[in-house]
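Participant: As a plain string of letters, each chain reads:
Number of protein chains: 2
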Amino acid sequence: MNRIISSQSGRSAVRIDDEFWNRFIELVRGTVIPYQWEALNDSIPEAEPSYAIRNFRIAAGMEEGAFGGMVFQDSDVAKWLEAVGFSLAQHPDAELERTADGVIELIAMAQHEDGYLNTYFTIKAPGERWTNLYEAHELYCAGHMMEAAVAYYYATGKSKLLDVMRKFADHIASVFGPEPDQLRGYDGHQEIELALVKLYEATGEERYMELARFFIDERGAEPNFLVEETKRRDGRSIWTDRKLEPPTLLQLAYNQAHRPVREQDTAVGHAVRAVYMYTAMADLARVTEDRELRDACRRLWNNMTRKQMYITGGIGSTHHGEAFSFDYDLPNDTVYAETCASIGLIFFARRMLLLEAKSEYADVMERALYNNVIGSMSQDGKHYFYVNPLEVWPEASERNPGRHHVKATRQKWFGCSCCPPNVARLLSSLNDYVYTSSAEANTIYAHLFIGGEARFTLAAGEVALQQQSLLPWESDTRFTFTAVPESVFTMALRIPSWCGGSAALRLNGVPMDYETRNGYAIVSRTWSQGDCLEWAPELRAQLTAAHPSIRADAGKAAIERGPLVFCLEETDNGQPLASLSIARDAELQVRFDAELLGGTVVIEADGYADDAAAWQEDAPPYRPMAQQPASRAVRLRAVPYYLWGNRETGEMTVWLRTQ
Amino acid sequence: MNRIISSQSGRSAVRIDDEFWNRFIELVRGTVIPYQWEALNDSIPEAEPSYAIRNFRIAAGMEEGAFGGMVFQDSDVAKWLEAVGFSLAQHPDAELERTADGVIELIAMAQHEDGYLNTYFTIKAPGERWTNLYEAHELYCAGHMMEAAVAYYYATGKSKLLDVMRKFADHIASVFGPEPDQLRGYDGHQEIELALVKLYEATGEERYMELARFFIDERGAEPNFLVEETKRRDGRSIWTDRKLEPPTLLQLAYNQAHRPVREQDTAVGHAVRAVYMYTAMADLARVTEDRELRDACRRLWNNMTRKQMYITGGIGSTHHGEAFSFDYDLPNDTVYAETCASIGLIFFARRMLLLEAKSEYADVMERALYNNVIGSMSQDGKHYFYVNPLEVWPEASERNPGRHHVKATRQKWFGCSCCPPNVARLLSSLNDYVYTSSAEANTIYAHLFIGGEARFTLAAGEVALQQQSLLPWESDTRFTFTAVPESVFTMALRIPSWCGGSAALRLNGVPMDYETRNGYAIVSRTWSQGDCLEWAPELRAQLTAAHPSIRADAGKAAIERGPLVFCLEETDNGQPLASLSIARDAELQVRFDAELLGGTVVIEADGYADDAAAWQEDAPPYRPMAQQPASRAVRLRAVPYYLWGNRETGEMTVWLRTQ
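Line order of the protein sequences matches chains A and B. Here the numbering used here is used: position 390 in the first sequence is 436, and no number is missing along the way. Here the numbering used here is used: position 47 in the second sequence is 93, and no number is missing along the way.
Among the clues, some could well be false.
Since the list can't tell identical chains apart, any single copy or any two copies may satisfy a pair.
[Claimed, not checked] With a straight-line Cα cutoff of 20 angstroms, these simulated EDC-like cross-link-like pairs (lysine to aspartate or glutamate) come out:
1) K206 to E141
2) K353 to D664
3) K458 to D426
The hints are simulated quantities; they were obtained by calculation from the structure and are not laboratory data.
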């Protein structure tokens, strides 16, 4: 196994400049980050106050008042700062940096002498630090602030927040550990584990990595910390006045604390907690070359992505606990598929790529990115889905209580705290997801086809290249080498699953064969400056079938083209969409509509509609099939899933009945 | 509109003797009633105590102790007594009658001087009578006891319980009414309204009918009683320590109290409450010849049975509030379709038949009876479904919290109080559902084809007849007249919707034409003793389609034969059942299997199965349709829905994909 150095292990060396993605990144920079800043400062008139900045001012002694917001409110400030860090790395902005520096001052002032930092406990429950890890998100908030500190340090070179968080991490390391006077515990919501690995990579301090490993290895060990802690607290809860019984095994599975992490092989419980934890596990497996942990990651990856993932890259199919349910249980209508969970899946995929470059990880990463994640955001960047359904019947969302959680329209984003900032920090750090490289193996892996510039330091020397991509509309991608060393290095181009193995390669205009390794086209040679690799995986519209065990998709097809899943909307196809069907061998016609939804590919096909006109108004609802007229011919029209819900409210479906 | 006198308006004149139904009725008599008696007396070792009889002993001053069970625990005693009454009417049993007489003694002793009777308020909250109609089921319990009193009086001629309940009704009539010193209120759970009509019909006392009408007409009037009452009670609740806000309009819809009853046109809210209320409305429309109320009944009937009813006769599609959701929202997997709701639908259908003899009402009555209702009970009579699903995936019932309410196996009946006694009282009074007759119009309507003897008093004179039926296995039904008057009367035979209008009639072996009116074959003549009418509606197995607006059934077919809906079980067809499909014109082969499930018709057909073998273990869950092999041929096997779940636990589905 090669050790692979992340492009993120140092200041970002990739800069995105891509027709498709520039708009998203600009939306985050120009709209989401400023808007969120207003929200954090309670300056949006129609919104519930956030209290997040005010909490820090109170904790810093600059203001009097009570704690406001959720117990994990600090994490909103952290996620904003992290997104700012990523954004500044790509797009310097002196004013934004000054604002961020001010917030960092405030955070530093809110830190206790001993390093402790959490405004909820500082303001509201000063005597209760570390007594309710199960519920209080104390280490979770710490983790997000560590991630912010690292991102801001990489972007600006300023270490103030990094120093604050190192001090806090040192404090945490004194509180938690295997010694008799230490807590053998971990947080109810995983997050600090992956953050500590980042802190380790930014500082080189191994003790942070060790602390992450401690948290991972303690989780699920006997006697169960979360059970014992609840007993010690006499069941006191921050969510209810009722005293809680210690969590059962089923309840512990919600926190992935039902059994030791290394022994887990099925994705269970709260999906976001799960993928944040798997991300840290993959990090640790890589950094410490821990094969047992790597094997656990592979098992969990396989279970999650092969048996519990929607075609859109959504995970966590039930809203009860925002959780995984079980293998192949992927209902399209009562779905959850939270935005944050897919973002966490992308984190995990990237860590798996760092651990071992297999195209399968990038395939899933791309699927989640191009569908579930960007589909969660409206075109104006101000409305978001938390739940990303594959089938919507607006009346059911309103009137069937079992579907209230499935919204037919994106919600104003200030009403909710977790998903929009997570989208912001992912999109503003998207440059980190395009490549990985292995210095020792002299190999650059191109995982995503997103245009921009990139620089790599290999054993062979420095490489600089420029990628131009027309995805998701056309697949022709061009890599031009602007700086190359004198000796051999390898360019590994992902053969995306969607091309069905058909991908043409040209070097300087001349077609060339290539060797394939783990799903990548391998080109090893001595390169010349100006060399140009043209990579054209076949981009065809196709009908996709689901595994027969996924009951919800039986007899149905999805339409895919390249990384994009398509869907049918009522506005294009009428309703009920359930009455539509398509032949299994239907010809799919692809065209680009420059006027529609800011310009998009549309896929059309001949299909059928069950004839509702043949049913008299107020007819009995059931009648002999023999009386049913043959369905009538219709023209079906599908748009990319990520664009749904940007026109009139109506039905939407990804899966379409086949004939 | 003819006034039609119910066969129930007097001691029962119909006695069932039918190969199919005898078994059910005997099960109720021999198993359910004795078992329930043990339960009411806390004598079932493994069961939670009921406390129901003990509560009466405490209220009667015969025992010390605290109230036990639910606030509506008295109704369990009432439902048991009512079933006993119905059973004694058909099958005298001196010991059972002695037991019932003893219970009635006890009830009489628990009655207060002023007529009040309710053990919860007597024992637990003596000062709080009539202060929480919204939650406390006080009039609901009274209603059930009135129904018991009437049934027991008809069965035995003994009026002790009837007198107790008349006295209680008189007390209620003094408390509730339009006068300033009276409560302008009604119960949160409708039931007393239909019971008061029964009390009126048994006693001839119009004030009971007037009181029923008062409750019906006050419901939903402004100012809303349930809102005002909650305010007067300062939000105190018997379900929670929290103070309740007055109910919103949406919450009032749960109790059908969101608008005046006469203005309602859509079935909303808790399904059992709804159909109990509609039953009383139809009664009152008939008794008082109230056309406005009749029109409301027709509207509600039409909405409910044409847009909110499952093919099994199940109603109330969501478990949230055990309620209706909205038109055409009939999910098969997250279904509720409570047993009691279908029983209430049968009550309502029978009242509509009394109001106007249209075969549509009987079609629905038969559908609910032969499918949802008898399907709720296991073959041993000791296990019951509350929720009657049309699609079951046992693992999902266990592991997807949104489907926990859908059980894959019937539950031991003592764990639950409402459905089993309701099944018992319906089946033991099934004789009341077979016919209605109109004395003035000299017409006997045969609604259900269930064998037995019946006597009718028409203006023309006395009629006695014997019905022999082979349903649901064969449709040939024979009516033999054993006593006839000298002048003309009419025999009206329902043309069931399932025969598609094809039904042959013979008189004494000679084919005869007939006139059709409102879905009945009309035969008016002067009859001779010994005349024999043979009625043979065509009984064919067929595939049934659902209205295209029912999204859940799109592209699917159900298999029906006569009154029976069929289903596929895993034990016969493997799993996943979702991978199976059938041609729209498949030939259905019918055979009787005497060994299977006590003897049943089985329907077989050629079908297709998506090939799961073609998917490698651990393969990615999505792949091009083009790689999907053609499905393989299989032989499908369907059994009657009412028999499902009596073999190994497994998947079940009513709706099958069509090709």
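Participant: For every hint, state whether the structure bears it out.
Facilitator: Now for the hints, and whether the structure bears them out:
no.: 1; hint: K206 to E141; result: within (18 angstroms within a copy, 89 angstroms between copies)
no.: 2; hint: K353 to D664; result: between (42 angstroms within a copy, 8 angstroms between copies)
no.: 3; hint: K458 to D426; result: within (11 angstroms within a copy, 55 angstroms between copies)
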